[in-house]
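Produce the complete structure using the sequences and hints provided.
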Amino acid sequence: MAPLRDFIFPHPYSEAEKELQEAGLAHLLSFGKVKLGGVNVIGKGKSGVVALTEDLNVVKIRRSDSPKRCLKFEARMQERAIGVAPRVLNYGCHFILMEYIKGRELMRTEGIDVIIQVLRAGFSLDQLEIEHREITRPWGNVLIGDKRAFIIDFEDARPSPSPTNFVRLFSAFRRSLLNASLHNKYI
Numbered sequence: 004m005a006p007l008r009d010f011i012f013p014h015p016y017s018e019a020e021k022e023l024q025e026a027g028l029a030h031l032l033s034f035g036k037v038k039l040g041g042v043n044v045i046g047k048g049k050s051g052v053v054a055l056t057e058d059l060n061v062v063k064i065r066r067s068d069s070p071k072r073c074l075k076f077e078a079r080m081q082e083r084a085i086g087v088a089p090r091v092l093n094y095g096c097h098f099i100l101m102e103y104i105k106g107r108e109l110m111r112t113e114g115i116d117v118i119i120q121v122l123r124a125g126f127s128l129d130q131l132e133i134e135h136r137e138i139t140r141p142w143g144n145v146l147i148g149d150k151r152a153f154i155i156d157f158e159d160a161r162p163s164p165s166p167t168n169f170v171r172l173f174s175a176f177r178r179s180l181l182n183a184s185l186h187n188k189y190i
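Residues 4 to 190 (my numbering) are what the sequence shown spells out, left to right.
Please note that a few of the clues may not be correct.
Stated by the list, open to error - Calculated pairs, SDA-like style, for lysine to any residue (alpha carbon to alpha carbon, straight line, at most 20 Å): (1) K150 - T112; (2) K150 - G106; (3) K36 - M110; (4) K21 - S50; (5) K49 - P15; (6) K71 - P162; (7) K49 - E20; (8) K71 - P15; (9) K47 - E108; (10) K36 - I147; (11) K47 - N60; (12) K21 - L55; (13) K36 - N60.
No wet-lab data here; the hints were simulated from the structure.
So, in structure tokens, the structure goes:
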């Protein structure tokens, strides 16, 4: 367990610390593959740091150098993605608190059953009229849970009357399979 301040990157700022404390977060767990100063985190991107909470949920904390001034829109898009994304528990300008998905990252060498799960998730997003916009590279944006695939990172997601998530996912898998096929042919 480490103080909240250690997870606010690259420089702690009082607005985030205050908002997180008001949401009941004072300490987070040093857990994950990514090293961040003296703590480990689940992930670090251009807009946020993702860490594990004491009650085993996940919190995305807005980076102090983020191009995004507020995470509320991202949280609302993720909230709309019911059954496709981790459930949002609470949010503010500087954080999104969500359920922790026990699972693994999507790999390029997945079997057909996992590919179908991911395509179903993309189709569900299309039905909800959400364009994810980062799904063309699903290997960093999909988690495989025990029973289904979850799409994560709604940072660039937008409402859309005609989203293309399913088509983008299908194209990504097609490219990946073609590349693997060509690679194996010339080895």
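Exercise for the section: Could you grab the alpha-carbon distance between K47 and E108 and see if it respects the 20 Å cut-off? Expected result: holds (15 Å)
Discussion item. Checking one constraint from the list: CA of K71 to CA of P15, max 20 Å. Satisfied?
Written reply: holds (16 Å)
- Within 20 Å, alpha carbon to alpha carbon, are K36 and I147? At roughly 17 Å apart (the allowed maximum being 20 Å), I147 and K36 satisfy the hint.
message: K49 and E20 were given as a pair; does the straight-line alpha-carbon distance stay at or below 20 Å?
response: Holds - the C-alpha atoms of E20 and K49 are around 19 Å apart, at most 20 Å.
Q.
Would the hint linking K49 and P15 be met if the CA-CA limit is 20 Å?
A. holds (16 Å)
K71 paired with P162 [C-alpha distance capped at 20 Å]:
This hinted pair holds, its Cα atoms lying about 18 Å apart.
| query | Has the given pair, K36 with M110, been kept, meaning a C-alpha gap of at most 20 Å? | reply | holds (17 Å)
K36 paired with N60 [C-alpha distance capped at 20 Å]
Given pair K36, N60 holds - Cα atoms ~17 Å apart, limit 20 Å.
- Quickly compare the C-alpha distance for K150 and T112 to 20 Å and report which way the hint goes. holds (18 Å)
When you check the alpha-carbon spacing of K21 and S50, does it fall within 20 Å?
Answer holds: K21 to S50 is near 19 Å, not above 20 Å.
field: Restraint status (C-alpha distance of K21 to L55 at most 20 Å)
entry: Status holds; Cα separation ~18 Å.
**Asked** Can the restraint linking K150 and G106 be considered satisfied, given a maximum Cα separation of 20 Å?
**Response** holds (10 Å)
Consistency note: the structure conflicts with none of the earlier hints.
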